[in-house]
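Peer 1: Under this note's numbering, the first residue of the sequence shown carries the number 1094, and numbering increases by one thereafter.
Since the hints were made in silico from the structure, they are not lab data. It should be emphasised that the depicted structure is a prediction, and the values quoted were computed from it without experimental measurement. By construction, the Cβ of each residue, glycine as well, lies at the ideal position given by its N, Cα and C atoms. Among the hints, a few may not be true.
[To be verified] In silico lysine-lysine, PhoX-like type, Cα no more than 25 Å apart, as pairs:
id : residue 1 : residue 2
1  : K1311     : K1241
2  : K1288     : K1316
3  : K1332     : K1378
4  : K1241     : K1222
5  : K1222     : K1277
6  : K1360     : K1311
7  : K1241     : K1281
8  : K1316     : K1326
9  : K1360     : K1378
10 : K1277     : K1218
11 : K1277     : K1202
12 : K1353     : K1311
13 : K1277     : K1288
14 : K1218     : K1241
15 : K1360     : K1326
[As the list claims (entries may be wrong)] Computed spacing ranges between beta-carbons, pair by pair:
id : residue 1 : residue 2 : range
16 : D1262     : P1294     : 14 to 22 Å
17 : G1201     : P1329     : 28 to 36 Å
18 : S1257     : L1345     : 36 to 44 Å
19 : S1209     : S1295     : 25 to 33 Å
20 : P1329     : T1196     : 28 to 36 Å
21 : D1280     : V1245     : 15 to 23 Å
22 : L1345     : D1195     : 42 to 50 Å
23 : E1216     : K1288     : 27 to 35 Å
24 : N1158     : K1277     : 25 to 33 Å
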Amino acid sequence: MKKLRTRHLLVITLISLVVFIFCGIYLYYQFIKTSNKNNNNDYSNILLDEDKLQYESTNYINAVNAYMDHNIRLAIDELNEEIRRYPRHAQAYFLLGKLYEDTEFPEGKFYSLMISNYEKYIELKPEGKRVNYAKLRVAQYFVQAGLKQRNVDFLSKAEDYLLSLDQTDSSVKMALGAIYLDEKNYDKAIIEFEKSAHLPPSDLKLKYNSLGLAYIKKESYTKAKTCLEIALKIDPSDKYAHNNLGYVYVQLGEFENARKHFSAALKIDRTYNNAHDNLKWVEEKIKRDY
């Protein structure tokens, strides 16, 4: 019996580790997606307001007009020609980065081109009007890529950008929290997530999901339960929150509640293997105990 319990403990520990890694990446992907969706894509103010005295270039004006006409390829060609002619035209780099950020091409998204152009803008305009926007987008990309690729250098670079921004900005707090969560610095992660305020409902769900994960890793299961319950009140169809809350209930010895949430996760997504394995485990546990 002792060996059986040890084996089950090992299984649930491994499952929780896998869940933690994938949920962390998923949460941040969703945060980036929501943040980008909420972004204002109005280009009416992205003309020559930063570089007007230095550049009144036909190529740049053509690029803006092409974008307004939804001719993205032409806009990109004109901006590349602008940069060839004027390699220090910062706003041309910014607009090119913005086009790559917002446009879904048939080949997919070109995030690396977005990053390279934003970073060139940051280099040329360290005090520019849009430098904070560019830094945040670059940082968010490096957090996302760093979590996915397990790339410490990306995460370190993201942290440097984030720490140079307004520390009261909730987007900055959420991104820093994701980095600290990945670094297993759970106390710092909790502080950052807790301080992210005035969030829309979609981001609030991510905040409480992330807090729940951090408290799970600290084995503060009662606090984790509270956070994950809030996340589910905001979005009852979040399979990850159901699965994580089920895991919390296992740790609290509430196996029937755990089964309910693992089952709910599977109703949302029948292919969710972690929830399937957890449900199987807790049902075996219920059978043995009763």
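Peer 1: Next step is simple, just say for each hint if it's right about the structure.
Peer 2: We went through each hint and held it up to the structure:
In summary, the hint linking K1311 to K1241 is supported, as the alpha carbons are separated by about 23 Å, within the 25 Å threshold. In summary, the hint linking K1288 to K1316 is supported, as the alpha carbons are separated by about 16 Å, within the 25 Å threshold. Proximity of K1332 to K1378 is assessed by CA-CA distance (about 22 Å); at most 25 Å being required, the pair is judged to hold. For the hint pairing K1241 with K1222, the CA-to-CA distance comes to about 31 Å; that exceeds 25 Å, so the pair is violated.
Of the supplied pair hints, the one linking K1222 and K1277 is violated, its CA atoms being roughly 35 Å apart against a limit of 25 Å. The straight-line distance between the Cα atoms of K1360 and K1311 is roughly 29 Å, outside the 25 Å bound, and the hint therefore fails. For the suggested pair K1241 and K1281, the alpha carbons sit about 21 Å apart, so the restraint of at most 25 Å is met. For a cut-off of 25 Å, the pair hint linking K1316 to K1326 stands: about 16 Å separates their Cα positions.
For the hint linking K1360 to K1378, the alpha-carbon distance of about 21 Å falls within 25 Å, and the restraint holds. Distance restraint check for K1277 and K1218: the Cα-Cα separation of roughly 35 Å exceeds the 25 Å cut-off, and the hinted pair is therefore not satisfied. Between K1277 and K1202 the CA atoms are separated by roughly 31 Å; this puts the pair beyond 25 Å, and the hint is violated. This hinted pair checks out: K1353 and K1311 have alpha carbons roughly 24 Å apart, not beyond 25 Å.
This hinted pair checks out: K1277 and K1288 have alpha carbons roughly 18 Å apart, not beyond 25 Å. Distance hint between K1218 and K1241 is unfulfilled; the C-alpha atoms sit about 30 Å from each other, more than 25 Å. Using a Cα cut-off of 25 Å, the hinted pair K1360 and K1326 holds, with the two alpha carbons roughly 17 Å apart. Between D1262 and P1294, the C-beta spacing of about 19 Å keeps the proposed range 14 to 22 Å intact.
One distance hint, 28 to 36 Å for the beta-carbon pair G1201 and P1329, holds here, with the actual separation near 32 Å. A beta carbon spacing of about 41 Å between S1257 and L1345 agrees with the range 36 to 44 Å that was offered as a hint. S1209 and S1295 have their C-beta atoms about 29 Å apart, which keeps the hinted 25 to 33 Å range intact. Remark: the range hint 28 to 36 Å for P1329 to T1196 is upheld by a beta-carbon distance near 34 Å.
The given range of 15 to 23 Å is respected by D1280 and V1245, whose C-beta atoms sit roughly 20 Å from each other. For the pair L1345 and D1195, the beta carbons lie near 45 Å from each other, so the given range of 42 to 50 Å is met. Between E1216 and K1288 the C-beta distance comes to about 30 Å, which sits within the given range of 27 to 35 Å. Under the hint 25 to 33 Å, the C-beta atoms of N1158 and K1277, about 50 Å apart, miss the expected range.
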